[in-house]
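Chemist: Heads up: the sequence lines are chains F and V, in that order. The numbers in our numbering rise by one with no breaks, and the one at position 364 of the first sequence is 658. The numbers in our numbering rise by one with no breaks, and the one at position 178 of the second sequence is 220.
Worth double-checking, as some hints may not be accurate.
Restricting the straight-line Cα-Cα distance to at most 30 Å, the calculated cross-link-like pairs of lysine-lysine (DSS-like) are [stated by the list, open to error]:
id	chain 1	residue 1	chain 2	residue 2
1	V	Lys116	F	Lys503
2	F	Lys649	V	Lys176
3	F	Lys632	F	Lys513
4	F	Lys649	F	Lys390
5	F	Lys593	F	Lys626
6	V	Lys106	V	Lys146
7	F	Lys594	F	Lys583
8	F	Lys479	F	Lys490
9	V	Lys353	F	Lys493
10	F	Lys513	F	Lys479
11	F	Lys355	F	Lys594
12	F	Lys599	F	Lys626
13	F	Lys503	F	Lys489
14	F	Lys503	V	Lys353
15	V	Lys353	F	Lys649
16	V	Lys176	F	Lys331
17	F	Lys632	F	Lys355
18	F	Lys331	V	Lys116
By construction, these hints were calculated from the structure, which means they are not laboratory data.
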Amino acid sequence: MNAPVETNAPIEIQPDETFILNVGPQHPATHGVLRVKMEMNGEYIVDAETVIGYIHRMHEKMGEIKTYPQFLMNLSRMDYLGALGYSHGHVLVVEKASAIEVPERAEYIRAIMVELNRIASHLFWFGAFVMDLGGFSPLMYALQDREHILDMLEAVTGSRLTYCYFRFGGVYNDIDDDFISAARKFIPRMRKSLKKYHKLVTGNIIFRKRLEGVAPLSKEICRKYGASSAVARGSGINFDVRKNEPYSVYPEFDFDIPVYHECDSMARYMVRMDEIEQSLRIVEQGLAKLPDGPVMPKKKPKIIKPPAGDYYQAVETARGSFGVRLVSDGDKIPYRLKLRSPTYSNMHLFDEACKGMMIMDALAFMGSLDLVIPEIDR
Amino acid sequence: MNLTLLNVIVAVVIAIAFAALNAAYLVWAERRGAARIQRRPGPNINGPFGLLQPPLDGIKLMAKQLTTPGGADKVLFIAAPVLAMFPAIMSFVTIPFSDTIVAKNMNVGVLMIFAFASMGSMSLVFAGWSSRNKYSMMSSVRAVSQAVAYEIPMLITTITVVMIAGSTDLMEIVNQQSPSILHWNIFPLLGNSHNLLMPLSFLIFFTCTLAETNRAPFDLGEAESELVAGFHTEYGSMGFGLFFMGEYANIVIGSCMTTILFLGGWSCPFGLFPGVWWFIIKLYILIATFIWIRWTFPRTTIYGLLNLSWKILIPLSLFNLLFTAGLIKVF
Numbered sequence: 295m296n297a298p299v300e301t302n303a304p305i306e307i308q309p310d311e312t313f314i315l316n317v318g319p320q321h322p323a324t325h326g327v328l329r330v331k332m333e334m335n336g337e338y339i340v341d342a343e344t345v346i347g348y349i350h351r352m353h354e355k356m357g358e359i360k361t362y363p364q365f366l367m368n369l370s371r372m373d374y375l376g377a378l379g380y381s382h383g384h385v386l387v388v389e390k391a392s393a394i395e396v397p398e399r400a401e402y403i404r405a406i407m408v409e410l411n412r413i414a415s416h417l418f419w420f421g422a423f424v425m426d427l428g429g430f431s432p433l434m435y436a437l438q439d440r441e442h443i444l445d446m447l448e449a450v451t452g453s454r455l456t457y458c459y460f461r462f463g464g465v466y467n468d469i470d471d472d473f474i475s476a477a478r479k480f481i482p483r484m485r486k487s488l489k490k491y492h493k494l495v496t497g498n499i500i501f502r503k504r505l506e507g508v509a510p511l512s513k514e515i516c517r518k519y520g521a522s523s524a525v526a527r528g529s530g531i532n533f534d535v536r537k538n539e540p541y542s543v544y545p546e547f548d549f550d551i552p553v554y555h556e557c558d559s560m561a562r563y564m565v566r567m568d569e570i571e572q573s574l575r576i577v578e579q580g581l582a583k584l585p586d587g588p589v590m591p592k593k594k595p596k597i598i599k600p601p602a603g604d605y606y607q608a609v610e611t612a613r614g615s616f617g618v619r620l621v622s623d624g625d626k627i628p629y630r631l632k633l634r635s636p637t638y639s640n641m642h643l644f645d646e647a648c649k650g651m652m653i654m655d656a657l658a659f660m661g662s663l664d665l666v667i668p669e670i671d672r
Numbered sequence: 043m044n045l046t047l048l049n050v051i052v053a054v055v056i057a058i059a060f061a062a063l064n065a066a067y068l069v070w071a072e073r074r075g076a077a078r079i080q081r082r083p084g085p086n087i088n089g090p091f092g093l094l095q096p097p098l099d100g101i102k103l104m105a106k107q108l109t110t111p112g113g114a115d116k117v118l119f120i121a122a123p124v125l126a127m128f129p130a131i132m133s134f135v136t137i138p139f140s141d142t143i144v145a146k147n148m149n150v151g152v153l154m155i156f157a158f159a160s161m162g163s164m165s166l167v168f169a170g171w172s173s174r175n176k177y178s179m180m181s182s183v184r185a186v187s188q189a190v191a192y193e194i195p196m197l198i199t200t201i202t203v204v205m206i207a208g209s210t211d212l213m214e215i216v217n218q219q220s221p222s223i224l225h226w227n228i229f230p231l232l233g234n235s236h237n238l239l240m241p242l243s244f245l246i247f248f249t250c251t252l253a254e255t256n257r258a259p260f261d262l263g264e265a266e267s268e269l270v271a272g273f274h275t276e277y278g279s280m281g282f283g284l285f286f287m288g289e290y291a292n293i294v295i296g297s298c299m300t301t302i303l304f305l306g307g308w309s310c311p312f313g314l315f316p317g318v319w320w321f322i323i324k325l326y327i328l329i330a331t332f333i334w335i336r337w338t339f340p341r342t343t344i345y346g347l348l349n350l351s352w353k354i355l356i357p358l359s360l361f362n363l364l365f366t367a368g369l370i371k372v373f
């Protein structure tokens, strides 16, 4: 039963026998309004072109016409699954620019929240990815675990999906004992679920056959397109902004960066599953080390007007390294706010990597990239 | 039993009603089963336990307009869903549910059911071809290769059983197995062949049934994450409804055949009260397994599917056929 894993192997192409297949903008596998124009030779992909921009909402332009606090809520509309990571990048760069001191408790709360959000995002990805492969049930299990995180976050932040929780200088609301006990209960529960997922899904023979050795991504192609997150780490590139360019209180946590060298879809899957465990470790340590104190600084400028200059801050979100470049001319609205979204880079390697694959492998590969379309289009 | 014309007509009507009722209520059973596996309630609003869901769904589907996509081959487009349902219903006519309950027993019952089962895959080809949709087209191409690949091991396995029974009459095949559970073809320790490899044949037959009925993990024809909805992408209204019901009717046929060929039909495992209820129990256990498998496994790939058939199932079933022939000669 050796499945021919010779994806990307040269196939005989008859130019007059190919046809164009429009995958999307409304297609179950693209999870949003992404369109992929595929030139097909039977079931094999000869050429593919991703077409984006169907839900472009001009977030960068909004960044240039809104004051800093007004723009805060836009960040969580970029990536609706891992919203807090994006807000984190934005508040960090503005704090860096206008030299706002953040209380330590607020930093810890931010880290805990971002990691919980990362777990929620990975859980949803896990469910959706297995659904891409045709297994519907794991999604329901993953969503049930995710629900616990959303409930916890809702109690503190006030919203379930598009949070506006971080403020310049701290967070909007202190976490209470209910949250802490809920989070403490959640950690062993999630570990148990992870074991269950590994039993239910990772060990499944069909699942393994569909992922192992399929869609190999070399280090070179990851570097060429600037891939990050599990896409790069599944190809053996040990890069995580939390370790390589530490920010916030991450240096104080003890956690590992899972790196796999198989370069295939299975490696990307395993990286994300291991990241859930690492995030749990961070939350556990964060809850243990959580200092007392205020969550907003005592001294904070009323109107945020960073001095003129060019500032950049990268953070590791659930989908990879997200960068915010802020160019300020000293006014209360930024001169330019460039958002470097990780999925944009991760997606664009699809065009090159999927050549020669069969459509079902290519769409499984696309699932393993963890695309969130609003985040690509911004 | 005296087969007068009236008897036959009544029996045929009952067979068709059974097929249609099963097809409708298996949709409900599948949704409830899936919900149970996924820890959610499933359809539970309409009627007790949601039992009114299938007729209401039917009314909704019938009330919808049947649209034909522009440029589609209209005749084939309309014919395809009918062709999906009709062979399944026809097959029910020859299936014996007990030694008395059968619409029209034939001494070539096995052949007839396989002939109609092959027609079922034609409906997928017609639907995919006439829809004028690339996804449907790709799906129907897959369906053809799948049907070809899986009918061969299925037939070879059936021939093995037919050889043991010495008859293509379904009644006769069951009668051969009725003495005790050890005469059943799934493990015929006391039959006339003593073939200990028959559990393997049972597995092959069951796998092929899964593949033939386009069920997960072999539902490549309607792989919704790749081919949108496969061959029935362009169908709405009762066209879609017929495809849907045809799939479930085919599951019932497949399970009936498995019961008859391997599980001793209506004979009881302990020799108590043989009758139609044992058939029904076995049938629904098999169907429940179908549902269970569908909601547990992800989908295979098309090359994985074809490799499984050509490289594993066909050689194994051929070997078992020869082995059985040898054993019959010896004993």
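Chemist: Confirm or reject each hint.
Modeler: Going down the list of hints, with the structure as the test:
Distance restraint check for Lys116(V) and Lys503(F): the Cα-Cα separation of roughly 40 Å exceeds the 30 Å cut-off, and the hinted pair is therefore not satisfied. Annotation: proposed proximity of Lys649(F) to Lys176(V) holds, straight-line Cα distance about 19 Å (limit 30 Å). Between the alpha carbons of Lys632(F) and Lys513(F) the distance comes to roughly 26 Å, so the proposed pair stays at or under 30 Å and holds. Restraint check for Lys649(F) and Lys390(F): the C-alpha separation of about 43 Å exceeds 30 Å, so the hint is violated.
Annotation: proposed proximity of Lys593(F) to Lys626(F) holds, straight-line Cα distance about 18 Å (limit 30 Å). The hinted pair formed by Lys106(V) and Lys146(V) fails the criterion: a straight-line CA distance of about 36 Å is larger than 30 Å. Distance hint between Lys594(F) and Lys583(F) is fulfilled; the C-alpha atoms sit about 25 Å from each other, no more than 30 Å. Among the hinted pairs, Lys479(F) with Lys490(F) is consistent with the structure: their alpha-carbon atoms are about 17 Å apart, no more than 30 Å.
At most 30 Å may separate the alpha-carbon atoms for a hinted pair to count; Lys353(V) and Lys493(F) meet this at roughly 28 Å. With a C-alpha separation of about 39 Å, the suggested pairing of Lys513(F) with Lys479(F) is violated against the 30 Å cut-off. At most 30 Å may separate the alpha-carbon atoms for a hinted pair to count; Lys355(F) and Lys594(F) meet this at roughly 27 Å. Under the criterion of a C-alpha separation no larger than 30 Å, the hint pairing Lys599(F) with Lys626(F) is consistent with the structure, at around 5 Å.
A distance of roughly 20 Å separates the Cα atoms of Lys503(F) and Lys489(F); the hinted pair therefore holds under the 30 Å criterion. Under the criterion of a C-alpha separation no larger than 30 Å, the hint pairing Lys503(F) with Lys353(V) is consistent with the structure, at around 16 Å. As the CA atoms of Lys353(V) and Lys649(F) are separated by approximately 27 Å, the hinted pair is consistent with the 30 Å bound. Taken as a hint, the Lys176(V) and Lys331(F) pair is honoured in the structure, with Cα atoms around 13 Å apart against an allowance of 30 Å.
This hinted pair checks out: Lys632(F) and Lys355(F) have alpha carbons roughly 9 Å apart, not beyond 30 Å. Annotation: proposed proximity of Lys331(F) to Lys116(V) holds, straight-line Cα distance about 29 Å (limit 30 Å).
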